[in-house]
Every structure is written in C-alpha cells, then in structure tokens.
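In the order they appear, the protein sequences are chains L and P.
Here my numbering is used: the first residue of the first sequence is 514, the next is one more, and so on.
Here my numbering is used: the first residue of the second sequence is -16, the next is one more, and so on.
For the record, the hints were derived by calculation from the structure and aren't laboratory data.
Careful: at least some of the hints might be erroneous.
As the list claims (entries may be wrong) - To list a few chain P residues with every Cβ distance to chain L over 10 angstroms, as calculated:
1. Leu(-7)
2. Arg(-2)
3. Gln10
4. Ala17
5. Arg19
6. Asn44
7. Asp62
8. Cys84
9. Leu138
10. Thr143
To be verified - When the alpha-carbon atoms are kept at most 20 angstroms apart in a straight line, the in silico SDA-like pairs for lysine to any residue are as follows:
11. P:Lys119 with L:Pro553
12. L:Lys1027 with L:Lys977
13. L:Lys977 with P:Leu15
14. L:Lys655 with L:Asn628
This one's a predicted model, so the numbers in the text were calculated from it and none came from an experiment.
The beta-carbon is built from N, C-alpha and C at its ideal position, and this holds for glycine as well.
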Amino acid sequence: MNIDEKIKQKSVDPASREMLQVAADQNIETVWERLEKQQPQCGFGELGLCCRTCSMGPCRIDPFGEGAQKGACGAGADTIVARHLIRMIAGGAAAHSDHGRRPALLLKEVASGNNQDYELVDIDKLKAVAARLGIAVKGRKKTAIAADIANLALNDFGKQDEAALAFVKAYAPVKRLARWQKIADDLSAATGKTIGILPRSIDREIVDIMHRTHFGVDHDPLSLITQGVRASIGDGWGGSLIATEIQDILFGTPKIREATANLGVLDKDQVNIVVHGHEPVLSEKIVEVATSPAMLKLARKQGARGINVVGMCCTGNEVLMRHGIPIAGNELQQELAIITGAVELMSVDVQCIFPALAELCKCYHTHFIATSDQAAFPGSTHIQFEEAEADQCATKIVTMAVENYSNRNRDRVYIPAVTNKAVVGFSVEAILSALGGTPEPLLDAIKSGAVKGVVGIVGCNNPKVTHDFYHIELAKALIARDILVIGTGCWAIAAAKAGLMQTGTAAQAGPGLKAVCEALGIPPCLHMGSCVDCSRMLVLAGALADTLGVDIDDLPLVGSAPEWLTEKAVSIGTYFVASGVPVHLWPMPPIAGGAQVTELLTQTAGEVFGGYFFVEEDPLKAAAEMEKIILEKRQALGI
Amino acid sequence: MKELLIKPELCLGCRSCELACAVEHSQSKTLLSAIREKPRPQYRVHVMTDGYGFLPLQCRNCEEAPCLNACLSGALHRDERGVVICATDLCVGCWMCIMVCPFGVITRKHAERRITKCDRCPDRDEPACVNACPVKALVYEEVDDQARARRRQVLAGLRTL
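Using the sequences and the hints, build the whole thing.
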C-alpha cells in the first residue's frame, strides 16, 4: 500500500499508517483530522492562564503583561495555574482510584459469598497482600483474609481520621514514609500553616482539592501544589495500588508469557470482539465466556472459525498481562480498529474511550457497547454491567457479537497484516521470580554498572506527537545506553508492537544490559501492565530502596510520560516525583503561565522530594538527560 | 489586493489574535518562550468590548492616514505593500500619531518613548492574527470579496422574511 507523506507524519506504526490511508481514501475522519480542525488552540489555555472556577470568569491573565495581571477575584497567574493543575491531579487520581474501588467492593462481595460469579484466584497473592498489611493469615479461611483486605482497602477510601492510608504505610519504603512526614513538618513549621503530605483517605484528598480550588479558598501556589502531591500519593500508593493488588487476587498475578500485538491480531475468519477501556472486571468474563464450547459452537454455526477477543488500551493490557490475550493497539488506534470493518463488537468500560466511536461504528456493522453506569455514549448500545450478574452480562455481549458476524461486509474488510510478538507479564512477582526470588541480581547488575539504571515510561498517545514515535525512540535510545526500560499503558503497547519486548531485542541493547537480559532470558523493555499498574513500578522501586537501605531518590531511576494526554498522567507524574523519581514530560503541561509554579515543579520539588519534572521535545536529548541524571545518582551512591 | 478585514459579529473575544500578534513580534516566535522574553513582546491588535459585542481592532492603513501627516520626524511611512510602518529609530515619541489616529490602534512601545503599531506581519503571507482566529472573525481577503459576501447575506436575510 502506498502511504501519503502526510499520513507518515501522523504515526510511525505501520499498521496504523495503513489504516489511516484506508480512512483517508474513504474520507473517514479520525482524531488527527479533528485535532487539525481545533487549530489554532487557545494560548491562554495552553499556558494555564484561563480560570473558569466562578461565574465572574472566565478570567484570563495576559502573559505579555499588557492586560489584566489578576482575575476578578484578585487571583494572580500562579494561583490560577496551580488551581488548574491540581484539579487535573484530582481528575486523574479520581479516575485511577475509583477504578480501584470497584475490585475492592467486588472482593468484599466474593469474600462474603454474595457474589458467585467471581472467585479468589491467586491465593499466594492474597496471603502476600494480607501479610504486607499486617492481616493474620495462618489458620484462617481465605474468604476471611479476603474480607479483611477488602475492608482495609475500602476504609482507606473513606476513613475520616488524620492517619495515613493503611496501604501507604504498608507499601511505601520506610525512608520515604519518614521523608514525607518530615517534609510536612518542615513546611508547616516554615509557613505556620498545617501542610500535609501523607494522604488521610483516598477520596478525601480529592474532595479536598475540589474544596480548596473552589472560589475563594486556597490561593497560595505552594499550599495548592502540596495538596496535589498528597492526592497523587493517595492515587499511586493508594487507589491504583489497591486496584493492582486486588485485581491480582481476583484474576491472577501476571506471569511472564508471550503474546501478539497490533491490528493484525484481528482475524478475518473469526468473530472479533475488542475490549476497550480500563477495568478488567467485565473483560475477564468476556474472555471466559468467549472461550466456552457453547459459544464456539454458536460461532461456527454463524460460519466463523471461532471467537477472537482482542484488547485495546488498558483493559487490553489487563487481559494481555494475565491471559496473553492479543492486544490490537493503543489509544490512537481505537478508531483504526473499527475502520478495519472486521470488528463485530467493541465493548467499553471507562476512561480513554473516544465518544467518536459511536458514530464511527454506525458506518460499519460494529456494535458499540457501553457497559458502565459511569460512561454513556450518545449513539451506543448500553448493556449495563453488574458484578452480581457478570456471567449473564458477558454472555449477552458475546452472543451479540457472534450473531453479528453474518452482517460483516467482506468487501469493506481491510486488516493490515502487521503484528509483532512480545514477552509480557512482568508483575513485580514475575520479575523477582525471573531474578531467582530476590531483587539482588538486579541490584548487583546496577552496582556493577552493567545496568546503569532504570527508566519507567508510562502512558498515553497524543496526536500532537507522531503516534508511538517518542515512545519507541526514547526506549531504543535508553536500552542502547544500558538503561533498563520498564513501563505500562500505551507505552507498553507501543513497545510491544515495535518488537522491543522480545528476548531477541537484547541485541539492540548496550553490551551490559544485553548480557543481563540474556542471562535472565528477559527483554530489555518490560511490560508491567495497565496504567493503574504504575503502582507495580512504585512497589519495585520501594523493594530496591528497602533492600539497599536507601530512599527511592537515591536510586538511579527516572520516569517519563513522553506522549502524555490524560489527567491520570498528571497524577502519575506527580506521585513519581513525590516518591523521589525525576520525571520527563512531553508535551508541555499547561503551567508555563505561572513562573512560580513552574519553578516549584521543576526545581523546588527536586530539593524537597528528590523528584522533579523536566520537559524535552526531542527523544534523543531526553535520553541523554536521563542518562546524566542516572550517572549523577550512581556517583552519589558511590557505584 | 488583500486587506486585513474584520467580521465583528463573529468575534467571541477570546484574544487569541492578541497572543499570536505578540508571539509573531517576539524573538523566539513560540508562545512558551515568548512569555519569558525581556523586553516582553507586544501585541498590536486590541480586542475591544462594550459589554455587547467584540471588536478586534488594528491599524486600518487609511489612504489619507492622519498619522502620516502628523508624524514630524518621518518615522511613519508607507512601505511597498501600502502598509503604514514605523521606522522606530526615527520615532521621537511626540505622540502626535496617537493623538490623531481615529481608531486608537497606535500605542506606546513598552518602556520606551516610541510608538508601536501593526506592521501587518511582513514575514508572513497571512497576518498572525488572522491565522490565529478560531472563528474567522479576522480575515485577509479582497475587499470586494467581503462586500460580495455581505450582499449575499442581505439576500439570504430577505429570503427568510
């Protein structure tokens, strides 16, 4: 297929390029064209200088100094920028944590026997989580242990006392916990105002942000930003971590396995079901039902060879990590999957789902099924998912897909023959198991310099950046510098598609990392899961810090969100920074209008937390900066 | 010849034209860097409102330009595009042009005793303010084309009567 030059600028992914050409030839609009029509975008918004908090507004601060320097209430640029930024953190922390609430509630129902559709799958993980939380394990029934974990988790969401979250206390490394307390004490002493860093309750810190950013409450950039940090810790070491841990208990902890990635996983002779969104609770059931003999029989009756469930975005990552379900693509490929004309049904839950899909699906035979009470899409078919009737709901969805197979217009089907193999499933448990049970071999490799350090790359695609370009180029540049790359979300899918997650990829790594990867039989880029699974990276960092008896900011670790788009990414970046990890971002977040906020995030944060933000547009320059940071950390550690 | 024309009925008052104008007249030509430059880049288009509507206003380049007649130092002159330009080094800061401009679109240059005004972006095919307008309230087109479009609007209005 001949690809237009303009399309090549949109994506580096060969499957996506083919589908974008198909879309262009058929005059189908995608996110790239819609973004183009949004140009020029508002400069005040880009700088974070537009305040819409009250109806005196919208107020805008003139960044060139000529017009207004204060909003109607008197709020200056930094107040407006800080308020807006922490509202983004609140949005991100809310999305991640509300995701975590769902499995916590389900665990309680399963433990009590009220829900028979799900069961406790990973008892080792159940016991490990319990032990970590100080819940008695010995001689107790697994349902009793599960109930205790669920109650402790749910309590962390809504408790009203001043103590830190049980999960934060149980999981964050010792030195970091003490550091957070000290930072809060120091800031309180310096300002004469109580400032908290350790989150009291997951929900409360988010509500607190909404309260203090309401008209006429908190206006001090430092006070605002520290509350943003607090809520983000409640996400990373709280809500997200709860999501990961309890999903592992309910659905199994990921183990190392091989899987296939990219749009070529769609099958022209099978019923194709795409599960898209973020939560695995329903998609687990869809996978289970779709592989049942009864459904297979029904599919064959329709003339299909079988039923092919594939993933998209982080729901896809969840079932990829636990079951090796093929992954069709990342965020910017959700429309492209439909345009293949080969999808019988796309089932969506929450987060990162374009509302454009509903209209797009109407151009094809594809059923677009919304399932969450929190997410409705004009033009979709809504099949309400309830955990209590999960089997029934999944059966209904899979049956709809199978019965839709005969409606497929074969003349319109175009599936790009592009896939890549990837070794996935690197939960912390799987990594430790590959290392022989302890983090020591990895620490030894880092100490010896064979592995200089570790960079965690996370989420999102953003059509402002050539699709997957930054993800791939950054990862390649890092492994060539003997830096191990771990990551989640849309980055992980990009790396899988690009073939960076094969054991053979070690050949592209520097000599030190190559030898380590070959000895352990692992790729130099490790898939650690969905975006809530960024908590796995925190837990791994914590394990390394505690083993060495140091704090996380002493370790040669860097984070990056190079194609970021969502509020969740802002929360992730912030809890990485709060945990002591320098974090690279591209594109620039909407903070440049506030000089003081920019300084707080890019400099002061480094002095206080050991982690800070930096922005860089060029992947090679970003990799060089990351290596510099890592080498400085190594020098300070004396290795 | 194309002229910089305004359709005030479309303007939403977003002030994107002001930002784009300042960026175009900056050293770096990017918003993120321009806001940190010293001296701060200055915009030459001004979005005005009376509480009912908006008007993004910049130099109209009048044929019998009062500013040209009032400029005693010879700083203001007309360039080959027909645009009234200020040779800043010749400006003595007498403010005569500001006093006679019927549109109030000549302003003081930041921290200097000189004036600044719209130069209709000599380095661009289309002025930056026009390019930045999300609702096309600023257009760069032949005067007669706009007149024709407005006549069509009148006709369309009559049809609906």
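Hints versus structure:
no., hint, in the structure
1, Leu(-7), "holds (15 angstroms)"
2, Arg(-2), "violated (7 angstroms)"
3, Gln10, "holds (13 angstroms)"
4, Ala17, "violated (8 angstroms)"
5, Arg19, "violated (8 angstroms)"
6, Asn44, "holds (22 angstroms)"
7, Asp62, "holds (25 angstroms)"
8, Cys84, "holds (18 angstroms)"
9, Leu138, "holds (29 angstroms)"
10, Thr143, "holds (28 angstroms)"
11, P:Lys119 with L:Pro553, "holds (11 angstroms)"
12, L:Lys1027 with L:Lys977, "violated (33 angstroms)"
13, L:Lys977 with P:Leu15, "holds (16 angstroms)"
14, L:Lys655 with L:Asn628, "holds (15 angstroms)"
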